[in-house]
Structure formats: structure tokens, C-alpha cells
Amino acid sequence: MINVKLKDGTSKQYEKGTTVIDIARDISEGLARNICAGLLNGDVVDIRTPILEDCELNILTFDSPEGKRAFRHTASHILAQAVKRLYPQTKLAIGPSTDDGFYYDFDREPFTLDELEEIEKEMKKVVKENIKIERFELPRDEAVKFMEEAGETYKVELINDLPEDAVISFYKQGDFTDLCAGPHLTSTKAVKAFKLTSVAGAYWRGNEKNKMLTRIYGTAFTKSEDLKLYLERIEEAKKRDHRKIGKELGLFTFMDEGPGFPFFLPKGVVLKNTLINFWREIHEKEGYVEISTPMILNRQLWETSGHWGHYKNNMYTTVIDDDDFAIKPMNCPGGLLVYKSTQHSYRDLPVRMGELGVVHRCEKSGQLHGLMRVRCFTQDDAHIFMTPEQIKDEIKGVVRIIDEVYSLFGFKYHVELSTRPEDSMGSDEDWEVATNGLREALDDLGMTYVVNEGDGAFYGPKIDFHLEDCLGRTWQCGTIQLDFQLPLRFNTEYVGADNEKHRPIMIHRVVFGSIERFIGILTEHFAGNFPTWLTPVQAAVLPISEKFHDYAEKVVETLKDSGIRVQADYRAEKIGYKIREARLQRIPYLLVVGEKEAESGEVAVKSRGEDLGAKKLDVFIKEIKEEIDSKAR
RNA sequence: GCCGAUGUGGCUCAAUUGGUAGAGCAGCUGACUUGUAAUCAGCAGGUUGGGGGUUCGAGUCCCUUCAUCGGCUCCA
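For what it's worth, the working numbering labels the leading residue of the first sequence as 1, then goes sequentially.
In case anyone wonders, no lab produced these hints; they're calculated from the structure. One should not assume that every hint holds.
Unchecked claim - Computed Cβ-Cβ distance ranges for the label pairs, DEER-style:
1) K228 to R608: 23 to 31 Å
2) E53 to K172: 25 to 33 Å
3) D165 to F263: 56 to 64 Å
The structure presented is a predicted model; accordingly, all values stated were derived computationally and were not measured. All C-beta atoms, glycine included, are put in the ideal place defined by N, C-alpha and C.
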């Protein structure tokens, strides 16, 4: 007999060799029906796993991330089974679960939408057939032979690349068997609610030098109601697409004449400038100075910085008087030149130099995506030059700024710390000091973070901030990177208390990341309903008829004098029509003025569809100003 | 860059098997002077992304090119 400690803290005795699903069944029938995987001493295991010794066991259902993964992984096998039934010549590649669904890669002509429907039908059949899913293992040579005979060359390659000691397992469901580490459900029956969502190309093993395969994306849930909710959320996200809203609200647009180069329209510029003013405000408060460096600098500079050698493919270059120049893809070399233009004492450090630098990067056409991925963008960059002892405090300062900014907008975000990669420059000691500085700063601030071992830049470790948008997509925005390399390459110095020259450590950091991308994310996050302090037009004055235009003008002037961004609608239209348009423009405050208001010096206030009633104009101004000053959401 | 899809007035979309490019909204003109999400009427607006081809005839079929969309890879 063995002792199994369960999630609720209780322990139960089972015969040695009892499987995870047996234990679930022992606990309750319902649990046995919903089990997707087991968590055995902290490791995710297949539900068929026999328990051989005393352990801690947690039963995972679809409600857990691991359970979802197992469930959807089974869905991906059902997809592959359906494809093999309909198109037996298709070769299988891989088919994992993703954060919100699953996919399977096939070596075959791309599927048409009609074929996708056929596949979905066949999948429904497979589910209905209630096929038992069995697991078995094979020694390496037999596994290879098995897949070779099946003609599955990609699987053979996968097996050959498995580590020496790997257990090579297969999952069989009726006429379909796949190489797979699992875990899986025990029958196809449970996968009741699924949908194939799209077809796309994907490289074998994610390498662009490899063959392009055909990938089918899908998602699966235990209940059709949940699937429906998911699909509705996707629809809602589409409505929030910043490209659509940006156009509707007259914020920005794209033209064929400048692929990847956004055009900001008057209202978009107001939004952008408001964001920039806010940025300046907090950075001034935090002791930053602002610089502005040239857009075009000569080749020698880029060779010194290493960009000419390592980043040239992404740089636009030009020739001036027979010499090579490059349009800057990054601001750091310019910042370094500014630092070096005067001498620095240790007493001056840290030097915090901000720059709203417009950079150009030659991105490949297929990767452009609205404002999220462009060829020209404004980085809210800053470079901090400091002594090693100052690392920790400086990092903390930057993290505070980033947290303040993200929290202001109500963003969720997570933090990742990337450490020294294999191929890197600098001494062990430098890396140690720097990485510890980052780590201690995060620990001191009580931040939780993921550590990506070996994922840092070759010149130093970094902290990345990932925002979550309304689609659940994450965007890397803020980043803090330590750099020993550039100060070295540029022979950067400060004079220490010992009257000797020392090399400062440099931080590169951005908060928004790219103002353009950040505006894209904000647009989707708020679905165009920006907070009043940020929105391009804060109030619209809507006269009931021409008779009240004089009063409306007076209201507009008073609001303008108070610094409120206001517009008026003097067209000969009904009030309902004017309100509709102003609402569609997402203007937060609509001020209807007619006979009553003109007489009493009031405005009838409507905000985001809510009727706030008539208010004295000065009261309204006081209230909206308070809202703006507090930057309320 | 790669795989797939798409491209029709400012916007959103129509147009049997190839057979006269239409509508709504927006715009302009006029009437209405309006009380909380679309007043009515009239007018104007298009070499169907560009180029080439097949055909008596191309928005529709073919080639090519550009852009966009969904992915892959890369990334702020």
C-alpha cells in the first residue's frame, strides 16, 4: 500500500500501481469524468500513470491551465486523425496546445476553407465514436521503424532528436497513432465543443530555412457555452482593433505610399502629445534631462557601436558627399556622444538622459501590423550612466516609473528577467554585479518575475515588461537593459573620487517602448474610450438649434479658456443626430445647450451614455478639471 | 522574407455561368429650427489597387506587381 496526499491535505491509502484516474474515480465520479491530467509531486502526468510510491497528487481538470493543455492536446490529435482519414497522404509534423487552443502542422497543400469544414465534420465523427485513447512505449529503434513504416518522416526526425534517456511514448486512438509525450484524456468523447479557427503557414521547427508547412488552428472547450463565449470575445476584440478605431476616430491612418509608416491625424497628434507631456512630467520629476540627437549619423559611428556589423539589415542607409550614413535604428550611440561631449565627475552620476527618439527600422513587409509593428516609431528612450554601486537604486527608480505609468492605465503586466547568454561579452564579475543588481532591485520592490536563463542581450542582462491587451496578447513594452559593451566601445569615462578615470555602466530603458505601439495598445484597451485627460476631444457642445448658437459659442470659449479640449456642432441637425455622432466619436462629455440652459447658464451633461443632468457651467468645468488633473480612468 | 486570403466611390458592402458597375452612410445643395444614438428631398462621386494578357466583350479568367489581413520567423 502507498500513501497519497491529496490537495485538501488529506491522505488516502491505495494499492501500489493504482492509476491517477482510479484515484480520481475513488474520490468522486464527477472528478473522474472531468479529470484531464494529474499533478504528481509537482509534475504534470498522464492520468493513466500508475502510482508506485508515497506521493502528493493533485487532480487537474479543465479549470487548470495544465488540464486545459491536456484537453486541447487531445483535440489536436482528433484533428490529426480526421485529416489522416480524409487525406491519408498528409504527413504529420507537430500538434501542441497553445494558451487558448491548439494547432497541428501538416505537410500538404494548404487546406481550403471548404476542406476545413469537412475536417471539422470528420472530427465530430471521431468524437462521437467515443474512441478509447491508449498509451504505449517503444524502444528507440522500434519507434523509428514504426514511424518509418507509416511514412511519417517528420516523426522519425523528432524521435532521432530526442535525448538518449527519453521515454518514447505513443498515443493510439483507433486508426490513429501519434508520437506524443502526453498527457491525454482517455477517450475522444470528452472533446465536445471545438472549432477550427484558421489556416496558416508555419515553418517546420519554426526555422525559416525549413519547409513551410500548413498549420490548422483550433480551440476546444468542455462546454459549448464556453466556446461560444470565447468566440464572442474574439469578435469583441476585432471591434476594438486599433486600426479600425484609429481610422474611425481620426487618430491615425496608413497609406500605400508609406507601408509601415503611420500617418498621425490631428486628433492622433493631440493624443500623442498628451502622452508625451505626461512622459516629460514624470521624467522631470524623477531627475531626467532630455536630449535630442540627429536622425542621420555617419557610418563610422555605427561601426563603433557595432550596429553596422550586426544590425545593418534593419537599417536604412544613405550617402552624403560620397560617405555612408545611416538613419538611426536606435538612440544609444547619439546618447553616448552627448555624454562624451563633456567630462563627468563621479559627483554628477547618475546621469539620466531621456530622448524621445524617432527611429527607423527596415522591417520585412510581412511583419508589419498596424501601429504595433511599424518601420518608424518614437522610443521614449533614456540612458542612465552610473557607477556599479548605483545599479540597484537606478533600476528601482525605473521600475517605479514603469509601474506608475502602467497602473495609471489599469494594465496588467508581468516581468521577465533575462540573464547572461552563452555568447556574451564582459567579465564574469561584471555580469554578476549587474544581474544581482537587477534581481535585488526586483526583490526589494516585491515584484514577482520569471527568470529567462541565458536570454539576456550579449552586452548585458535585462528586465522586460509585458503588457496584456484586450485579446490576451502580450506586448513587450518597457525594458531595462544593462550595458557594459557600449561604454567600452565608446571609451566612456567619469573621474572618480580617487582622481582616476572609470568606466560608467549604462542602462538603456523605455517605458512605453514605442509611443506608436503604446497608442495602439491603449486604443484597444479602452476600445477608443480614452480617459478624459488623454482623449483628443474632451467635451462637445451641442446646441439644440441655431437660436442657441450664441450661448454655445460662449460655452465653448469659456471651456477653451479653462484649457479643456472642446468642439461644437453647429449643423442644422436634430439633437439626437448630434449626440449619436459625438458618441461614436467617443467624446466623454456631451453638453447639450438649449433654451433652459441658455437662460440659467447651465449645460445639460451626458457622459458615455449616462445622463448627468443640468449643471452650472462653472461647476461642470470644476468637475472635469478635477477629473483631468487626477488622470482618472 | 515565407505560406494562405483579400483588394469595387471618403467609409461599409452589392454585382447569375465573363454581358450596361449598384446601394446605404458620409459629402454638396435646398427645405425643416429641432430636447438626448440616424429629418426629408435633390445632386455629385468609380479607368473596380497598378501593369500586362486571354476574349467580340473582364470587377469576374490568367500572369505580374503593390498594398492589406491571418499566421510563421523576427521584434519596441
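Hint by hint, here is what the structure shows:
1. Distance hint check: the CB atoms of K228 and R608 are about 28 Å apart, consistent with the given range 23 to 31 Å.
2. For E53 and K172, the hinted distance range of 25 to 33 Å is satisfied, since their beta carbons lie about 28 Å from each other.
3. At about 58 Å, the CB distance of D165 to F263 agrees with the hint of 56 to 64 Å.
Consistency with the previously given hints is maintained throughout, with no hint failing.
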